[in-house]
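One line per chain: the protein sequences are A and B, in this order.
full-length UniProt numbering applies: residue 1 is where the first sequence begins, and numbers increase by one.
full-length UniProt numbering applies: residue 1 is where the second sequence begins, and numbers increase by one.
It should be emphasised that the hints constitute simulated quantities derived from the structure, not laboratory data.
Predicted model, so just to flag it, every value in this text is computed and none were measured.
There may be inaccurate statements among the hints.
[Said to hold, decoys possible] Output of the computed footprint for chain A on chain B, the stretches with three or more beta carbons under 8 Å from beta carbons of chain A:
1) 103-112
2) 163-172
3) 180-187
4) 222-236
[To be verified] One side only, chain A facing chain B, incomplete, derived with CB under 7 Å:
5) 84
6) 86
7) 94
8) 96
9) 97
10) 99
11) 106
12) 108
13) 109
14) 112
15) 115
16) 187
17) 193
[Unchecked claim] Distance condition first, Cα-Cα at most 25 Å in a straight line; then the derived BS3-like pairs of lysine-lysine:
18) B:170 / A:87
19) B:147 / A:87
20) B:111 / B:170
21) A:198 / B:147
22) A:204 / B:170
23) B:25 / B:147
24) A:101 / A:87
25) A:101 / B:208
26) B:79 / B:90
27) A:41 / A:139
28) A:101 / A:204
29) B:79 / A:101
30) B:170 / B:79
31) B:208 / A:87
32) A:6 / A:87
33) B:147 / A:204
34) A:87 / B:111
35) B:111 / B:18
36) B:111 / A:101
37) A:6 / B:208
38) B:90 / B:147
C-beta: ideal position from N, C-alpha, C; glycine also.
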Amino acid sequence: MSWITKTLTSSIGRKIIMSVTGLFLCTFLVVHLIGNLQLFKHDQGAAFNTYSHFMGTNPVIRTIEWGLVLGFGFHIFEAWALTRRNKAARSQGYAQWHAEKNSEWTSRNMGILGTIILIFLLVHLYNFFWRARFGGLPKVGGANPEVRDLDNLYLAVVDSFHVWWYVLLYVLAQISLGYHLWHGFRSGFQTLGLNHRKYTPLIKYVGYVFAVVVSAGFASMPLYFFLFTNAQGELAANAPSLLHTVASAF
Amino acid sequence: MNLTLNVWRQPNRQAQGKMVEYHVKDISPDMSFLEMLDVLNEDLLHAGQDPVAFDHDCREGICGSCDLFINGRSHGPEKGTTTCQLHMRKFSDGDTITIEPWRANAFPVNKDLSVDRSAFDRIIQAGGYVSVNTGGAPDGNEIPIPKEIADRAFEAATCISCGACVAACKNASAMLFVSAKVSQLALLPQGQPERKSRVENMIAQMDKEGFGACSNIGSCAAECPVGISLENIAILNREFLAAKATSNNLA
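Just chain A, with the same shape it has in the complex:
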């Protein structure tokens, strides 16, 4: 093995890959969340479909997409490799073990949280990404020449978000994601050695805010469509008046 492979397969090396890919995936979450906010726009999905068409066809985005695949791949592979090493370090466990007295639950259960997110991710990719990329979606149609030839991913989203078990899976996965980020965000900085008495408290609280905003932001979409809209994604008449007020502003 060369010095590079030795470095990257050492215990710290694997953690560095975990943190670099993890923080990269955090940037993906930001882009994904901001893009998806267009679901809330009251234009029968015109903005969202234009955006998803751009994301599916733009050569720069399609190239970065491979980076995303590698990011997920390495994050998951290293999680598996590290868990194996960590389990092998203590084959005889304790009769009594009170880790809850000295550490947070979420920090000790990143693997379980990550597995829930992975299961969700596979369902999510199959449901939206696979259909958008490899066909099966109807065209938007209608009179608007700017959007009528685009795939109607918006309608697929609205349909899915009216299926109760899919909404439930989505919300559970976002709660898991929130807890995963709660520990993962600041842990990523610590692993890279980015620890300083001045900035570490800030990183910690930014991480908490990031975890809550991202998971709540993603979870709000299925909940919004499930609770407040009809089959076309239009606000139902009995939705809270606040939502009607906000909707009319856009």
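Place chain B on chain A using the hints.
For chain B alone, coordinates are given in the frame of chain A:
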């Protein structure tokens, strides 16, 4: 006070061990935890049984020998103490106390509660030292070290190598121990000649001994009897990255 003890008994390194229940009577709340175990062993000897083997030496919190995992915590429930500094007044009459050895494959059990921590010695041998020139004694304060740096190095140097961090870590990771040694010497001018090889060799030895990786959960620092902070692990990660990126060592 009268107590029930669940103690790990294991005749030797190869044998299977098991938890055995004992009862001790008339324990004074002023006794240290180790003195309570001395009472248990007196009772066992009088009854013609094999006393419980446990590690201890200075009994004043300096040597780091008294490695007992008490009621699911390294060195028991009290914060910032070794087992010898833990007093029986922290327990109540009628309590059941579970006493186990450190659990890590890198720390095999010698007998009962005594574990072999020579893995730590081998990590130190791999790089936890500085080269000193022979000759006349150098003048005091010949090498200027800023007070703040000296303080931080001293904070790291308070590590007594007890292994509570490994015992408390869900991954049985030795990162807090190794980080205390690495950052102490990386901060000081005397540690500069071996700065890169030290961290490379100590991490290689740490991995070879079979310790787990760091998940940044913080159990180690919370259970550390001398308060080694997680900041040291970040320094270790920095030192490791910098050394790997810039050293001339291709192996």
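We went through each hint and held it up to the structure:
no.: 1; hint: 103-112; in the structure: holds (count 4)
no.: 2; hint: 163-172; in the structure: holds (count 4)
no.: 3; hint: 180-187; in the structure: violated (count 0)
no.: 4; hint: 222-236; in the structure: holds (count 8)
no.: 5; hint: 84; in the structure: violated (10 Å)
no.: 6; hint: 86; in the structure: holds (4 Å)
no.: 7; hint: 94; in the structure: holds (6 Å)
no.: 8; hint: 96; in the structure: holds (4 Å)
no.: 9; hint: 97; in the structure: holds (5 Å)
no.: 10; hint: 99; in the structure: holds (6 Å)
no.: 11; hint: 106; in the structure: violated (9 Å)
no.: 12; hint: 108; in the structure: holds (6 Å)
no.: 13; hint: 109; in the structure: violated (10 Å)
no.: 14; hint: 112; in the structure: violated (13 Å)
no.: 15; hint: 115; in the structure: violated (15 Å)
no.: 16; hint: 187; in the structure: holds (4 Å)
no.: 17; hint: 193; in the structure: holds (3 Å)
no.: 18; hint: B:170 / A:87; in the structure: holds (9 Å)
no.: 19; hint: B:147 / A:87; in the structure: violated (42 Å)
no.: 20; hint: B:111 / B:170; in the structure: holds (23 Å)
no.: 21; hint: A:198 / B:147; in the structure: holds (19 Å)
no.: 22; hint: A:204 / B:170; in the structure: holds (22 Å)
no.: 23; hint: B:25 / B:147; in the structure: violated (51 Å)
no.: 24; hint: A:101 / A:87; in the structure: holds (21 Å)
no.: 25; hint: A:101 / B:208; in the structure: violated (30 Å)
no.: 26; hint: B:79 / B:90; in the structure: holds (11 Å)
no.: 27; hint: A:41 / A:139; in the structure: holds (19 Å)
no.: 28; hint: A:101 / A:204; in the structure: holds (20 Å)
no.: 29; hint: B:79 / A:101; in the structure: holds (11 Å)
no.: 30; hint: B:170 / B:79; in the structure: holds (18 Å)
no.: 31; hint: B:208 / A:87; in the structure: holds (15 Å)
no.: 32; hint: A:6 / A:87; in the structure: holds (21 Å)
no.: 33; hint: B:147 / A:204; in the structure: violated (29 Å)
no.: 34; hint: A:87 / B:111; in the structure: holds (23 Å)
no.: 35; hint: B:111 / B:18; in the structure: holds (12 Å)
no.: 36; hint: B:111 / A:101; in the structure: violated (28 Å)
no.: 37; hint: A:6 / B:208; in the structure: holds (12 Å)
no.: 38; hint: B:90 / B:147; in the structure: violated (38 Å)
Comparing the model with each numbered hint stated earlier shows that hints 3, 5, 11, 13, 14, 15, 19, 23, 25, 33, 36, 38 do not hold.
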